[in-house]
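Peer 1: Listed below, chain by chain, are the residues.
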Amino acid sequence: MKKPNKNMEAFLLGVFAGELLISKGCIQPDFQVENVGIRNGIPVLMDYADIIGVELPAALTRDVIRIIKESIFSLVDNYEGSFEAQSYVRAGFLARSGMLGHMVYEDARDNGYSSFLFVEKSLRNTAHSLGRITKWEDVKPLIGEWIEIPLDLLNVQSDLELKQEKEKKIIHPLNGYYLQNTVHIMSLLDHGILGDEKKCAQIYADICISALRYGMPYMAYGYAQKCLTMASTNEILSIGELVINETHDATREYKDYVDKFIELEDFQFMWILEDFDISI
Amino acid sequence: MNELVLATYIKVLQGGFARENSQESAARLILEAITNQEEANCTCDLSSKKVSNIINRKDPVPEDIVIASADQKIINGVYKYFTEVILKALNPNLACDVYEKLFDLIKDDSTISTVKKNDLATLYYKKEYDHYLAEIFLYVLGKNNKKNSKSIIQRPKRLLYKSSILSDDGAIEQIYKTFNRITKIDDISVNGKYVLEGSFSFDSFYDNDGARSIRVKTIFGGLVICGDTSLDNWISRSYVNNVTKVKSITCIAWLEVLEKSEDEMMVHYFAIGDGL
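These protein sequence lines map, in sequence, to chains A and B.
Here the first sequence stands for residues 1 to 280, numbered as in the working numbering.
Here the second sequence stands for residues 1 to 276, numbered as in the working numbering.
The hints are simulated quantities; they were obtained by calculation from the structure and are not laboratory data.
Take these hints with a grain of salt, some might be off.
Here are the computed lysine to aspartate or glutamate pairs in the EDC-like style, where the Cα-Cα straight-line distance is at most 20 Å [stated by the list, open to error]: (1) B:116 - B:128; (2) B:193 - B:173; (3) B:245 - A:50; (4) B:247 - A:63; (5) B:245 - A:246; (6) A:121 - B:173; (7) B:247 - A:55; (8) B:245 - A:256; (9) B:193 - B:209; (10) A:121 - A:138; (11) B:184 - B:169; (12) B:247 - A:107; (13) B:247 - A:110; (14) B:184 - B:128; (15) B:157 - B:173; (16) B:73 - B:38; (17) B:247 - A:50.
DEER-style ranges, computed between Cβ atoms [claimed, not checked]: (18) B:164 - A:5: 33 to 39 Å; (19) B:58 - A:45: 54 to 60 Å; (20) B:119 - A:80: 43 to 49 Å; (21) A:32 - B:174: 30 to 36 Å; (22) B:262 - A:263: 46 to 52 Å.
Incomplete in silico selection of chain B near chain A, CB under 7 Å [as the list claims (entries may be wrong)]: (23) 234; (24) 238; (25) 242.
Backbone N, C-alpha and C fix where the C-beta goes; we use that ideal spot for every residue, glycine too.
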């Protein structure tokens, strides 16, 4: 097996952390690269000694979120100073862990860890997470539902998109959004690597529509702008224009920031936009 | 004799008294500043043995004296007593030595806050010696006079964290020797340096420079003690990653108080070791 490049390794480790958590209820507190091996292209744990087991979603508490956050910090430590690699870790982790992963990154944000660490230090202290979901009794069934969704991202399937379309019809709308997010991340990974601009433009259009629907104006605005920058079809361009006109909830001041970051790599850009949506 | 408590205060004044030059008589003369005041309602036993135990730091300052010393009327009486009795009891040829010895003790005692040190220094330089001696007396009544056997600082089995301020092993030895164990909240003052053993929790956060740091917290007598440490100064990253997963572990910490409010205290950790 050819050794994956740094970003791909970071992504796989992120997915792996999410996989351990969601399918096995396991948290590796010391996620240094030395403690993880690659077998047949799939990460495996080399050091079981300190693994923590939690029964999800029943045993989910604020302290469990804190422990998962610490585990993710130990994972991103492997890519200290690299915004790009850390954005791949995040994308991988969120793709597999859905809402739980977003909660972990919100907790991380409240502890000073956000995309603003890398791009715009002046924004770092603007605000903390808005805490969209505050009641555990609301969260646990949704996470329980997510755990039941059959997702095997470590063995990426070509028909992932189709399978998720079927799933979306029967799950809670919020999980539907996170599932769509997973599809977007995996598609961007596939088509971004292949350099397929046309396909990427379609994904961008899909992201901005979905973001608008789920009340994420900066994500919608950012990806709509991306659509406009692509040499794309008239349909994609008009989706971009339409979505931009609908992003009234995003302020001009922060839209200007978004414009500054449009050339960044997809997972970096996505992280910044979500930080705007969650914390501004 | 580098800690200013009631025992050391009595010993210094005893050396300067013209007549009351036994430890017991010196102690009585000084403590009568409070016990002779009717409103102080002091009923404590001041037998020879008790006085001897106070001077040898086997006993704390009697509680009724401590309580009375916080009453403004009693305080005014103490000032008066020091002007009329104590100052006159000092041998005029030795009095200056007494003032200076106390001043040196104050300067060298790391448990005394800078504010208090400055207040006492002002009285010393202004030569308001009656007020100076009375203020020190009232201050030492509030300090823990009893020497706790545990106040002999022990070395940790393993040093887990070392602040970058500590340049070498000699500097670490120095903190082991000089930092005082916290026995009660009232002992704690800003800029004081202490050693504290207890249950500590560890949490990561990213500081203003974007570096992962570790916030170390404990609770002592209802007061949250909190300080930030640099990840790189810990024994290893694996160690930190593994301690952050547990709620708390027993540690011994050498710290300096930076800020103190009613319910929280910000500290700088010099060193943290395995609990004993």
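Peer 1: Please go over all the hints and tell whether each is borne out by the structure.
Peer 2: Hints versus structure:
1. B:116 - B:128: holds, 16 Å
2. B:193 - B:173: Answer holds: residue 193 (chain B) to residue 173 (chain B) is near 14 Å, not above 20 Å.
3. B:245 - A:50: Holds: residue 245 (chain B) and residue 50 (chain A) sit about 9 Å apart, inside 20 Å.
4. B:247 - A:63: holds, 8 Å
5. B:245 - A:246: Between residue 245 (chain B) and residue 246 (chain A) the Cα gap is close to 44 Å, so the pair fails against 20 Å, i.e. violated.
6. A:121 - B:173: The hint is violated at about 40 Å.
7. B:247 - A:55: Since the Cα atoms of residue 247 (chain B) and residue 55 (chain A) sit roughly 18 Å apart, the hinted pair holds (cutoff 20 Å).
8. B:245 - A:256: Between residue 245 (chain B) and residue 256 (chain A) the Cα gap is close to 40 Å, so the pair fails against 20 Å, i.e. violated.
9. B:193 - B:209: Violated - the C-alpha atoms of residue 209 (chain B) and residue 193 (chain B) are around 27 Å apart, more than 20 Å.
10. A:121 - A:138: violated, 34 Å
11. B:184 - B:169: With a Cα-Cα distance of about 29 Å, the restraint between residue 184 (chain B) and residue 169 (chain B) is violated, given a limit of 20 Å.
12. B:247 - A:107: At roughly 17 Å apart (the allowed maximum being 20 Å), residue 107 (chain A) and residue 247 (chain B) satisfy the hint.
13. B:247 - A:110: Given pair residue 247 (chain B), residue 110 (chain A) holds - Cα atoms ~19 Å apart, limit 20 Å.
14. B:184 - B:128: Violated - the C-alpha atoms of residue 128 (chain B) and residue 184 (chain B) are around 31 Å apart, more than 20 Å.
15. B:157 - B:173: holds, 14 Å
16. B:73 - B:38: holds, 11 Å
17. B:247 - A:50: holds, 14 Å
18. B:164 - A:5: 33 to 39 Å: At 35 Å between Cβs, range holds.
19. B:58 - A:45: 54 to 60 Å: holds, 57 Å
20. B:119 - A:80: 43 to 49 Å: Once the Cβ atoms are compared, 48 Å apart, the range 43 to 49 Å for residue 80 (chain A) and residue 119 (chain B) holds.
21. A:32 - B:174: 30 to 36 Å: Holds, since residue 32 (chain A) and residue 174 (chain B) (Cβ atoms, about 34 Å apart) stay within the stated range.
22. B:262 - A:263: 46 to 52 Å: At roughly 51 Å between Cβ atoms, residue 263 (chain A) and residue 262 (chain B) fall inside 46 to 52 Å, so the hint holds.
23. 234: violated, 12 Å
24. 238: Given a least distance of 5 Å, the restraint on residue 238 (chain B) holds.
25. 242: Holds: closest Cβ of chain A sits about 5 Å from residue 242 (chain B), inside 7 Å.
Against the hints set out earlier in the document, violations occur for numbers 5, 6, 8, 9, 10, 11, 14 and 23.
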